[in-house]
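Colleague: Residue numbers (the numbering used here), protein chains in the order written: chain A, 13 to 310; chain B, 13 to 310.
Treat the hints with care, as some may be off.
[Claimed, not checked] Using 20 Å as the maximum straight-line C-alpha spacing, the simulated EDC-like pairs for lysine to aspartate or glutamate come out as follows: (1) A:Lys-213 / B:Asp-76; (2) B:Lys-213 / A:Asp-76; (3) A:Lys-213 / B:Asp-149; (4) A:Lys-145 / A:Asp-78; (5) A:Lys-61 / A:Asp-241; (6) A:Lys-216 / A:Glu-307; (7) B:Lys-213 / A:Asp-149; (8) A:Lys-145 / A:Asp-76; (9) B:Lys-61 / B:Asp-76; (10) A:Lys-145 / B:Asp-149; (11) B:Lys-145 / A:Asp-149.
[Stated by the list, open to error] Derived list of chain B stretches under chain A, where covered just means 3 residues or more per stretch with a C-beta under 8 Å from a C-beta of chain A: (12) 46 to 56; (13) 99 to 109; (14) 118 to 128.
These aren't lab readings, by the way, just hints derived from the structure by calculation. Idealized CB from N, CA, C, for every residue including glycine.
Number of protein chains: 2
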Amino acid sequence: MMQHEDLLAELAHSAEAVTGSLEAMLVETDGHENRVMEAMRYASLGGGKRVRPFLVCAAAALFDVDRSCALRAAAAVEMIHCYSLVHDDLPAMDDDELRRGQTTCHIVFDEATAILAGDALLTKAFEVLADPKTHADPSVRSELVAAFARASGHEGMVGGQMIDLCANEYELDLAQITRLQRMKTGALISVSCDSGALMGKATKKSRHHLLRYAQDIGLAFQITDDLLDVTGDEAEVGKKTQKDADAGKATFVTLLGVDKARERAHVHCQRAQEHLAIFGEKADSLRALATFIVERRS
Amino acid sequence: MMQHEDLLAELAHSAEAVTGSLEAMLVETDGHENRVMEAMRYASLGGGKRVRPFLVCAAAALFDVDRSCALRAAAAVEMIHCYSLVHDDLPAMDDDELRRGQTTCHIVFDEATAILAGDALLTKAFEVLADPKTHADPSVRSELVAAFARASGHEGMVGGQMIDLCANEYELDLAQITRLQRMKTGALISVSCDSGALMGKATKKSRHHLLRYAQDIGLAFQITDDLLDVTGDEAEVGKKTQKDADAGKATFVTLLGVDKARERAHVHCQRAQEHLAIFGEKADSLRALATFIVERRS
């Protein structure tokens, strides 16, 4: 079993590599349009745990995918994640001022620029995935594009955000909250793992187990987010806390209570780790990540 | 030479086919997330000239591409176009209330839903392009994704919109307005034609001429838009007119005057048609479209 410190070192190392990859892809220009690039860089280069890119790289490593290819897919998923944060933070959506410990994009720039920066990050992600440098086999590249699109679109992340925005009207129950979260955050976490399997042309069985792992850590991740919203310290978490409580929103914590929610997160963590059994020691960092996800404080 | 009425019939026929294709791709669901799908459908099924999809199909027909494949790429470009309209119409951007003769998406739904609907339309476009049903050759599918992403992103459409939003600060000259429009509207028009060539595995020479045609009709299209903004009737045009004049914005018309602008549009139209010479009669509808673009009244 990997030690906590070793995982942190691996996470930091991977985060640095992904940031380098994003730096190289998001190139500033001379024209007036550079303002949108500045906003894209602001939104994507400024920190974050980089959990999704880590998942891409760790999953890809299970199948001996070339590291430079994995890093490109990892950068793409981070672009998609960052675009969703920029749009979710807009006044018309969640109206947030703080993200990853820094002022949100639409405040530093303006709303129009933030909308465009999100649009362009999403677009750039697909350009990167479709590029021959990401994978030599064009059918893998097409599968990557289709898989990321399904996970991010109206059946995935965007659909989840839509339900979340309507949530005040409906009073969702536990099954509905679970479905919402599978779409809103789970789908992108799942496709992060799946992209590693796709790039490595994994067997159906491997792909299946990895997806089950991803689904469990996805829920563990969200339950922990809900817990941090209630119990976390704003400065440490890096975004506004007590948001859901203030909005009177149903979450895993309001529906289950703090103790049961924490217990459930740990159950998902354990199940996630069980799904990794078939990969042996090679999956140690994915195992350690599951623990990290439920024990993190930000 | 194709008669004007024949082109109109072809345009109407193609628009109907594209709408049918979009209808079939944008499927309503049972969940609360269906609100975003309703907005996606509202924004994309409600009319428009469908010039870009027509270009995809007409260009693809030059190279005998299967019509059902062409229609899928045509639907994808229309989704990208419609997403850009929804986002451009937002209060933080151009703040428009009328589009294609109907109330804009963020007014019928709300701003958050409109932002998400735009995001999801863009995402769906890439899902469609990457789908094996769009082209049997995965390398063509990857090329389509990359080409549409480049045309729509920070170096293309989004970058152009960014410059446009900054335009009041800078007082752009004719060269800069031309560059802005090549990015904002020209890039998507160009990739519409180019996608037909890509699907048909056209020769470099054919692709080159088709792209030159696209660049010329792109500028002709924009100059005509600027003319309609000044001389057009709001009810006929289907969106608010006199916008640029009211905003004190530089356009082809403010920089050249109405007569010279009209003359220039016709020069681009003629040049565009010259680039089609190598395709013979097969390109008749593309020829007629160039004329249509400069003579349209909406």
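Colleague: Quick one, are Lys-61 (chain A) and Asp-241 (chain A) close enough, alpha carbons at most 20 Å?
Modeller: OK: Lys-61 (chain A) and Asp-241 (chain A) at ~17 Å, within 20 Å.
Colleague: Do three or more residues of the segment 118 to 128 of chain B come closer than 8 Å to chain A, measuring C-beta to C-beta?
Modeller: holds (count 6)
Colleague: With a cut-off of 20 Å on the C-alpha distance, tell me whether Lys-145 (chain B) and Asp-149 (chain A) pass.
Modeller: 18 Å, holds
Colleague: Quick one, are Lys-213 (chain A) and Asp-149 (chain B) close enough, alpha carbons at most 20 Å?
Modeller: 19 Å, holds
Colleague: Please work out if Lys-213 (chain B) and Asp-76 (chain A) have their alpha carbons no farther apart than 20 Å.
Modeller: Not satisfied, since the Cα-Cα distance of roughly 34 Å exceeds 20 Å.
Colleague: Starting from Lys-145 (chain A), check that the Cα of Asp-76 (chain A) is at most 20 Å away, please.
Modeller: This hinted pair holds, its Cα atoms lying about 16 Å apart.
Colleague: Can you take a look at whether the segment 46 to 56 of chain B is actually covered by chain A? Rule is 3+ residues, C-beta closer than 8 Å.
Modeller: Satisfied; 4 residues make the cut.
Colleague: Assess, step by step, whether the Cα of Lys-145 (chain A) is no farther than 20 Å from the Cα of Asp-149 (chain B), and give holds or violated.
Modeller: Within the cut-off at roughly 18 Å; holds.
Colleague: For the segment 99 to 109 of chain B, count the residues whose Cβ lies under 8 Å from any Cβ of chain A; is that count three or more?
Modeller: With 4 residues close enough to chain A, the hint holds.
Colleague: Given the proposed pairing of Lys-216 (chain A) with Glu-307 (chain A), does the C-alpha separation stay at or below 20 Å?
Modeller: 31 Å, violated
Colleague: Given the hinted pair Lys-145 (chain A) and Asp-78 (chain A), is their alpha-carbon gap at most 20 Å?
Modeller: OK: Lys-145 (chain A) and Asp-78 (chain A) at ~11 Å, within 20 Å.
Colleague: Would you mind confirming whether the straight-line C-alpha gap from Lys-213 (chain A) to Asp-76 (chain B) stays at or under 20 Å?
Modeller: Distance of about 34 Å is beyond 20 Å: violated.
The structure fails hints 1, 2, 6, 9 (numbered hints given earlier, in ascending order).
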